[in-house]
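With the hints as constraints, model all of the structure from the sequences given.
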Amino acid sequence: MNRRFAILAALALSGCVGLLPPASEQIAGQLNQAVAAIDEVSEAAAIPYADRSFAAMQPRYIRALSSLRGALRAAEQRAQYGRGKPFSRPARISVEAVGNCVAAVRGLMEINRDRAIDERDVAAVPVQAICTVPKLIEGDLKRGG
Amino acid sequence: MEPIVLETFRPGDAGELAGGIVSHLADLLGNRLQRFEQEFAGYVADLAKASMALALLVSDGSYDRRQVDIALHTQELLVSNALLRAEFLTYELAQSVLETIFKVVAAAIKNLTGLAIKF
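Just so you know, the protein sequences line up as chains A and B, in that order.
Using our numbering, the first residue of the first sequence is number 1, and each one after it goes up by one.
Using our numbering, the first residue of the second sequence is number 1, and each one after it goes up by one.
Simulated from the structure, these hints should not be mistaken for lab results.
Treat the hints loosely; a few may be bogus.
[Claimed, not checked] Listed below are the simulated DSS-like cross-link pairs for lysine-lysine, each with C-alpha atoms no more than 27 angstroms apart in a straight line:
| # | chain 1 | residue 1 | chain 2 | residue 2 |
| --- | --- | --- | --- | --- |
| 1 | B | Lys103 | A | Lys142 |
| 2 | A | Lys85 | B | Lys103 |
| 3 | B | Lys110 | A | Lys135 |
| 4 | A | Lys142 | A | Lys85 |
| 5 | A | Lys85 | A | Lys135 |
What follows is the structure, encoded as structure tokens:
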């Protein structure tokens, strides 16, 4: 009887293994800001006859990219801290997902530099869907997985 | 299988304990899988929409070679992030499974011995 409970207790104590990295208010906040700026780009692109030149859109790209830079830096720090820990891979996943979002924003910006964009460009270059992923990941971490 | 009530769960042997754990896991997995399915259907729909939009832009001559390259690369990024999301969800699910197992085990220990284990 005692031995069985000892085994149960040992099992229970190993339950504190954390497979997920700690949530970061900073990453979550900056990703929210970035996604908000990206949403603005999409909304602005969908307004007919509005000025959708690069000059008009530029502030939104800059806002998105500077928020993303902060999020990326914080995610990298977390991945550094997670090295050798059970959550090292999920911490890396967050870094990679933010990095893909940065690349996607740059891509749309490149196209916008050549031509005024409209909703067709926004559909062909799915920045919103890409950048929602790191935001969802951070939201899950905040809720405790 | 009858869902167990954690407050009164007193397994008589290892089999009953395992049964209690499984009934809780079944709940967890059912809910999660449904959510995953919806989310990934969304990524697939976005990707399909992107391909069609790009095809139109190319066919009416709006995009040159370089812009097509950028758009295609971005669509790859969407696939990449959907895969990263799937990988992340695997870890998240594993964590929930661990927590569920230990929650049931801790309840069993508490009800059988009065010993409260926290983790």
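Tested hints:
{"no.": "1", "hint": "Lys103/B with Lys142/A", "result": "holds (20 angstroms)"}
{"no.": "2", "hint": "Lys85/A with Lys103/B", "result": "holds (23 angstroms)"}
{"no.": "3", "hint": "Lys110/B with Lys135/A", "result": "violated (38 angstroms)"}
{"no.": "4", "hint": "Lys142/A with Lys85/A", "result": "holds (19 angstroms)"}
{"no.": "5", "hint": "Lys85/A with Lys135/A", "result": "holds (23 angstroms)"}
Checked against the numbered hints listed earlier, the structure breaks hint 3 alone; every other hint is satisfied.
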